[in-house]
Amino acid sequence: MVNDKVTVSNIIEIRNLSFGYKYHDPIIDGVSLDIPRGRFIGLLGPSGAGKTTLLKLILGLNKPWNGNIKFRKKNDRDKTKEFPSIGYSPQAESVDWDFPITVTELVSMGLWNSSGVFPWINNNTKKRIRILLDELEIGKYHNRQIRELSGGEQKRVFLARALINNPDILILDEPTSGLDPLSRENIIQKLIEINNSGITIMITTHDIDGVAKKIPWVICLNRQIVSQGNPNVILSENTIYKTYGLKE
Amino acid sequence: MDFLVPFQYEFFTRGIIVSLILGAICGMLGVYVVLRGMSYIGHGLSHAVFGGAVSSYIIGLNFYIGASIWGFLSAILITEINKRYKIKADAVIGIITTAGFALGVLLMNVGYSPIKNFESLLFGNILSVTDFDFFIILVVSIATVLFLFFYQKILLFTIFDTDTAKVYGIKTDRTDIIFSLVLAGVVISAMNSIGVTLLAVAIIAPAASARLLTNNFSKMLILSTMIGTITAFFGMYASFYIDAPSGSTIVLFGAAIFGVSILYVYLKRLHHMHYHGDKKHSHSHIHVDEHRHEH
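Note that the protein sequences, when read in sequence, are chains H and C. Just so we're aligned, residue 1 is where the first sequence starts under my numbering, counting upward by one. Just so we're aligned, residue 1001 is where the second sequence starts under my numbering, counting upward by one.
Looking at chain H on its own, in the form it has when it is part of the complex:
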């Protein structure tokens, strides 16, 4: 079962956001968007539609031309955090898979500022990582080099790094790209489980049938928001044509 119940409050509010890599050619053009706490959102669109760019704007990796992004606390009494904690995983294409690093070492990066000053990983952190890896069914690979794993296993390792600091929101760029149908299905099911535990999730995808239709809430993006809602309702031929820039 997917978690379609979300709390009323928004975790992120985006207003009139614009950004581009070239002058007068915005790749994000006046986007306004509310991301309710606890929702599982899929950003759907073709390559070059601005999906990754929108994520990078939310993450603060790009500075917008116009508009603003506000992060909301759970409630006014919540004085613990200024911003929600974020778990992020980049596109697989941006990763150097030959980098000499083990699964445990990679996941420990998510705890770089809370696992002590020494360069080695302490036992408590190791235990915490192992428990999470076991939950994601990759515990037996904890000492393996990342390049020795399959595509699906590698995605889970990055998911583990994003989850290890107990984030309020999980932002994953193309977490299912390049996977076979079974691995893709496993990742989506795992994300649904994570979302059911209360974590807000935002992922990008260009896969309509394999991914978007299995997510509770889809935002169709092509520089602007074309449509958003339950995929079974909004993913009409007309919306898909508009999103993918095809003629009707």
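Hints may be right or wrong, so weigh each one.
So, partial list: chain H residues that the calculated Cβ filter (under 10 Å) puts toward chain C [to be verified]:
no., residue
1, G60
2, N68
3, D98
4, E105
5, S108
6, G110
7, E148
8, S150
9, F158
10, G245
Take a look, some chain C residues computed to stay more than 10 Å from chain H by CB distance [what the hints assert, rightly or not]:
no., residue
11, I1076
12, L1103
13, I1136
14, Y1168
15, I1170
16, T1197
17, F1240
18, A1244
What the hints contain is simulated information worked out from the structure, not anything from laboratory work. Just so you know, even glycine gets a beta-carbon here, dropped at the ideal spot from N, CA and C.
Could you slot chain C onto chain H? The hints should help.
Okay, now just chain C, sitting in the frame of chain H:
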């Protein structure tokens, strides 16, 4: 025993100690340089500081002052230009640092007669390592080890996945600059013993060899440090016996170990353990792709 004879000389003992320290530091630092894919920065910075060193002599300052200003300025310029403009790091490094080197060459050849033998700056010389050089090397080495120890998590995260590191609160730009400054510090301190034109290989060769021999980061760090120390020791020792610049012998030993590492990996691939059904064995064979092969 004959091989202990050179240790009667104070300058040799000092040179060997310096080479051991520098070899270890270059090996250690080289791991991060190689993994970052910025091998050219070591080459560039070592050339850049030469201009600063020559300028210092001409205006009557200690050459460390000019080399440091020039080296640190180059490190900051390279990092900043690379970040702000759409020019790749290798091009920026090539222009800024070679310009520094060219200035040094120009100043040496326009009628000034510097008091120091610049050949030792270019190619390294065991005789030119003074007590003050030793002190500088010691301070820089301690600072470098402390930096690598306490910054390892940050450095590794930044090198492996810069964007995610930023999201997780790491000031990656600041990390890049500090790393470049530390590298510049090591380059400056090693100028006299290894020489600016040859230093880059002393930084890169141990790490590149270690990378060939292991896929484990910790092992790579240990191996690279060991290879750096061994090549520096034998390089310095050989330079005494054959009366050659120490930089050249250290670099040649480093390159030889790199060659041996490549040969080792090639032979290991040829002789890989593999299965035929349930039977595991190894022998020389030609790889068709991955582990499939023909007998």
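Outcome of the hint check:
{"no.": "1", "hint": "G60", "result": "7 Å, holds"}
{"no.": "2", "hint": "N68", "result": "18 Å, violated"}
{"no.": "3", "hint": "D98", "result": "8 Å, holds"}
{"no.": "4", "hint": "E105", "result": "7 Å, holds"}
{"no.": "5", "hint": "S108", "result": "8 Å, holds"}
{"no.": "6", "hint": "G110", "result": "7 Å, holds"}
{"no.": "7", "hint": "E148", "result": "8 Å, holds"}
{"no.": "8", "hint": "S150", "result": "14 Å, violated"}
{"no.": "9", "hint": "F158", "result": "9 Å, holds"}
{"no.": "10", "hint": "G245", "result": "27 Å, violated"}
{"no.": "11", "hint": "I1076", "result": "22 Å, holds"}
{"no.": "12", "hint": "L1103", "result": "36 Å, holds"}
{"no.": "13", "hint": "I1136", "result": "26 Å, holds"}
{"no.": "14", "hint": "Y1168", "result": "7 Å, violated"}
{"no.": "15", "hint": "I1170", "result": "7 Å, violated"}
{"no.": "16", "hint": "T1197", "result": "30 Å, holds"}
{"no.": "17", "hint": "F1240", "result": "36 Å, holds"}
{"no.": "18", "hint": "A1244", "result": "35 Å, holds"}
When each numbered hint is compared with the structure, violations occur for hints 2, 8, 10, 14 and 15.
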